[in-house]
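Trainee: These are the residues of each chain, in order.
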Amino acid sequence: MPDCLSVTINGAPRQVPRGTTVAAALLIAAQPSRLSVLGEPRAALCGMGICFECRATINGIQHRRSCQILCEQGMTIRTNR
Amino acid sequence: MKPFDVLIVGAGVVGCAVARECALAGYRVGVIEGATIGNGATAAGMGHVVVMDDSPAQLALTALSRSLWRRDSGKMPKSVEYEPCGTLWVAADDEEMAEVHPRCKIYNEAGIEARVLNSAELAREEPNLRSGLRGGLLVPGDGVVYPPAAAAFYLAEARRLGAELFLARALSASNGVALLSDGLTLRSERIVLAVGTQCDLLPSLPIQKRKGHLVITDRYPGFVRHQLVELGYLKSAHKVIEDSVAFNVQPRQTGQLLLGSSRQYGNERSEVEPEVIRRMLDRATAYLPGIRSLSVLRMWTGFRAATPDKMPLIGPATGFTSDGTLWLAAGFEGLGITNAPGAAQLLVDGMLGRTSAIDRKPYLPARMAEPAGLTYA
Amino acid sequence: MTRTEVLVIGAGPAGIAAAAAAAENGRRVVVLDNNLSAGGQIWRSATVKANKSSDQRNRPKLRALERLERCGAQLLPCRSVYSAEASGTVVAVDEAGSAIEPEQFHFDHLILATGARERFLPFPGWTLPGVFGAGGLQALVEGGYPVAGKRVVVAGTGPLLLAVAAHLAEDGAIVSHVVEQAPLRRLLWLIASLGRDPAKLIEGARYRAALGRTAYRTGSWVDEAIAARDGMSLEAVRITNGTRTWTEPCDLLACGYHLVPNTEIAELLGCNFRGRFVKVDHEQRTSLENVFAAGEPTGIGGLEAALLQGEIAGMAAAGRSSTSLITRAAKQRGFGNRLEKAFALRNELRSLARPGTIVCRCEDVPLASIRDRTGWTDAKLQTRCGMGPCQGRVCGPAVEYLFGWTPVSVRQPLIPVPLDVFCRQPEND
Chain A
1 MPDCLSVTIN
11 GAPRQVPRGT
21 TVAAALLIAA
31 QPSRLSVLGE
41 PRAALCGMGI
51 CFECRATING
61 IQHRRSCQIL
71 CEQGMTIRTN
81 R
Chain B
82 MKPFDVLIVG
92 AGVVGCAVAR
102 ECALAGYRVG
112 VIEGATIGNG
122 ATAAGMGHVV
132 VMDDSPAQLA
142 LTALSRSLWR
152 RDSGKMPKSV
162 EYEPCGTLWV
172 AADDEEMAEV
182 HPRCKIYNEA
192 GIEARVLNSA
202 ELAREEPNLR
212 SGLRGGLLVP
222 GDGVVYPPAA
232 AAFYLAEARR
242 LGAELFLARA
252 LSASNGVALL
262 SDGLTLRSER
272 IVLAVGTQCD
282 LLPSLPIQKR
292 KGHLVITDRY
302 PGFVRHQLVE
312 LGYLKSAHKV
322 IEDSVAFNVQ
332 PRQTGQLLLG
342 SSRQYGNERS
352 EVEPEVIRRM
362 LDRATAYLPG
372 IRSLSVLRMW
382 TGFRAATPDK
392 MPLIGPATGF
402 TSDGTLWLAA
412 GFEGLGITNA
422 PGAAQLLVDG
432 MLGRTSAIDR
442 KPYLPARMAE
452 PAGLTYA
Chain C
459 MTRTEVLVIG
469 AGPAGIAAAA
479 AAAENGRRVV
489 VLDNNLSAGG
499 QIWRSATVKA
509 NKSSDQRNRP
519 KLRALERLER
529 CGAQLLPCRS
539 VYSAEASGTV
549 VAVDEAGSAI
559 EPEQFHFDHL
569 ILATGARERF
579 LPFPGWTLPG
589 VFGAGGLQAL
599 VEGGYPVAGK
609 RVVVAGTGPL
619 LLAVAAHLAE
629 DGAIVSHVVE
639 QAPLRRLLWL
649 IASLGRDPAK
659 LIEGARYRAA
669 LGRTAYRTGS
679 WVDEAIAARD
689 GMSLEAVRIT
699 NGTRTWTEPC
709 DLLACGYHLV
719 PNTEIAELLG
729 CNFRGRFVKV
739 DHEQRTSLEN
749 VFAAGEPTGI
759 GGLEAALLQG
769 EIAGMAAAGR
779 SSTSLITRAA
789 KQRGFGNRLE
799 KAFALRNELR
809 SLARPGTIVC
819 RCEDVPLASI
829 RDRTGWTDAK
839 LQTRCGMGPC
849 QGRVCGPAVE
859 YLFGWTPVSV
869 RQPLIPVPLD
879 VFCRQPEND
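Residue numbers (the working numbering), protein chains in the order written: chain A, 1 to 81; chain B, 82 to 458; chain C, 459 to 887.
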């Protein structure tokens with residue numbers, strides 16, 4: 001099994017080590033996971049699935065907690081911008 | 082403390098609207114609230130501002146009240162989230178579609194803009210509705226508000242005009258005297274009970290609780306554009322004995338969807354019942370299949386205040402008490418938000434002896450004094 | 459629908475001990491955890507293979523995980539519980555795959571080992587990308603976020619800070635400061651009291667060794683996180699001890715103010731509470747006959763306490779008892795109380811937020827909107843504070859510390875779930 005896999009973040013392809021969570025991938029790509037109600041960029045805070053700041057649209061489903069989800073080959077990740 | 086002209090028990094949206102109307106009339110006003118402003122039925126409900134034609138009296142009151150909402154919406158702060166999104170009554174089959182045309186006529190004749198939509202037009206207005214629906218009735222002048230903020234707005238207006246707020250429970254309120262849980266005694270020429278379903282101050286009030294369940298989702302702006310109601314809603318609202326659910330969804334300004342509705346009788350427990358939620362959401366997904374994948378943030382219940390003849394009680398509490406100081410603004414069932422400003426106006430008209438924009442008689446509590454029996458029709 | 463004799467919620471140290479104890483005593487055990495693998499927070503494992511080597515050094519963790527594997531309990535990760543009834547049902551969603559399905563579990567005995575979460579306090583700049591919880595950053599590093607070469611300040615309060623700082627240093631971060639708000643004299647008092655428990659002293663010493671180049675400031679706190687010019691990341695933090703204030707450049711801030719227990723399931727079930735903790739007897743039994751609680755939900759007490767309480771609860775669920783374990787657990791309670799006292803929050807932390815500082819992050823509600831409210835319900839209704847997807851888990855403890863308001867009772871769903879789970883499910887069992 002290869003140690004790397006590729007996902008797309010907002011349309012751009014990224015390579016990440018297998019086992020990387022989507023939240024970590026977003027941090028590596030320096031992409032905020034979401035814009036807040038007033039338009040502030042936000043990224044993961046708690047790392048354990050309770051703060052919901054790491055929410056992103058993963059494979060088309062919105063509001064998913066990216067810190068609890070592992071990257072998979074071909075996964076599409078979109079942040080709300 | 083100087084006596085008040087009007088004391089209002091209950092700072093929900095109705096009580097607060099009454100407070101503002103009384104203050105505008107120049108009365109010395111006191112508002113008594115034992116819990117949280119804008120909570121109770123006000124916070125639990127759906128916040129729709131809708132013209133309802135289930136009877137001529139209801140049509141007149143909701144039309145009047147809706148016009149007051151529209152008139153004041155420009156003054157309301159953003160927090161009230163007044164959205165003039167209109168209501169779309171959805172016809173699922175030919176039988177329901179047949180009801181649409183006469184209803185449209187009733188609305189138009191009452192000066193309420195309404196138009197019939199066919200199947201294609203319905204799909205264009207609301208792309209997320211399932212295919213195969215027959216059409217609907219669009220009432221563009223209806224709207225949606227966030228009721229707790231509306232209550233707070235009305236109260237703030239009243240206080241700006243001199244009304245006083247007492248954050249304490251009314252232990253008793255009769256014969257012009259209100260005893261509060263913090264030890265205060267307030268005197269007033271009139272006492273208005275705007276208490277939702279908490280009728281301990283006047284147990285003879287013929288108000289029954291009608292439990293409702295609601296579900297709110299995360300933010301999905303644009304998923305639904307109008308308030309959507311199935312035409313079967315009225316059948317559900319009219320059922321007196323059977324528990325029922327009816328499809329009703331509201332787009333909030335936040336982009337969240339507020340989903341309802343359910344009605345249960347003789348059930349005083351406030352717990353969310355999974356079985357009712359299931360029936361309600363199964364019905365909703367039958368109209369909007371796409372909501373299955375939406376994220377649910379919260380579920381809750383509330384109690385509507387229902388009267389035997391489905392009309393609210395607006396006016397002196399004659400017939401339920403010999404206490405001439407007591408007035409009522411109660412029993413609004415599912416139309417408390419819609420009818421709050423209209424009821425406030427009618428109530429104050431009655432106090433001032435002013436002619437109302439509509440006939441007040443159908444809502445006067447005195448109508449129930451007739452010994453025709455207080456069975457729920 | 460799965461039937462089991464013992465259902466354990468949480469696969470951290472307490473949950474692992476409980477599950478293993480019950481299983482080894484002959485009970486059928488299912489363990490649910492909302493993370494990708496067992497270990498909870500303190501024993502969180504790296505998910506990227508190359509980073510897993512550090513696991514090997516933690517012997518108690520390794521032994522526990524091996525024990526869990528051997529004992530026959532069924533571990534189901536990625537399960538979040540959203541509904542529960544004391545009569546014997548818990549419903550969870552499996553969030554791993556793209557199809558999110560509800561799963562019902564029927565139990566004879568329930569053991570709540572749901573752990574704790576960090577307490578966050580609002581301060582200017584705390585919503586910037588680059589600002590994380592203390593345990594939060596550690597968790598994200600375990601999830602594959604590389605911090606090698608990054609300048610990190612670790613701040614807040616609690617024993618977690620040193621543990622996190624040491625881990626981050628081992629992962630290659632440059633931990634310039636650990637900023638602990640507790641005053642030195644209280645920390646010295648705590649260390650002195652540990653004389654009764656040498657194991658903890660040694661743990662502390664190990665951390666200090668890993669952090670040779672790190673400045674450890676007590677009686678100090680971060681009062682602002684300063685944004686880089688792009689407004690999208692962190693450039694520096696302002697640290698103060700009330701008298702002296704200085705700016706420290708950094709890439710990342712890991713800041714958390716000790717822990718609050720995860721008690722939502724216990725609350726939904728109707729368990730009795732002692733303050734903010736679940737009330738249990740010496741066998742970890744709650745006020746509900748068939749429900750036990752172990753670890754942080756009963757009192758923030760650390761690893762030892764969690765392991766002992768979990769063991770006791772697991773045995774009790776299997777109808778067994780151990781006086782010696784119960785005695786040892788009782789002794790640990792003293793440590794928990796000393797932790798609370800040592801790391802009590804100072805008053806200055808109440809005044810960090812400015813009127814425009816966001817308090818509720820889900821709904822972007824600033825301090826100015828909230829502070830004149832009459833209570834939690836009023837704030838929620840009028841400002842939307844607490845109405846977002848975190849359901850008050852982040853802003854609730856903050857608001858409680860700032861204003862003394864206790865968030866009001868929980869309802870299901872305990873976490874946001876897809877609407878579909880409430881609809882009629884196709885019969886497939």
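There may be inaccurate statements among the hints.
[To be verified] Covered by chain A, according to a simulated footprint, are these stretches of chain C (three or more residues, beta-carbon under 8 Å): (1) 501 to 507; (2) 575 to 585; (3) 611 to 620; (4) 723 to 734; (5) 810 to 823.
By construction, these hints were calculated from the structure, which means they are not laboratory data.
These numbers come from a predicted model, not from an experiment.
Ideal placement from N, C-alpha and C gives every residue a C-beta, glycine not left out.
Trainee: Take the hints in turn and mark each one as holding or not.
Mentor: Verification of the hints:
no.: 1; hint: 501 to 507; verdict: holds (count 4)
no.: 2; hint: 575 to 585; verdict: holds (count 4)
no.: 3; hint: 611 to 620; verdict: violated (count 0)
no.: 4; hint: 723 to 734; verdict: violated (count 0)
no.: 5; hint: 810 to 823; verdict: holds (count 5)
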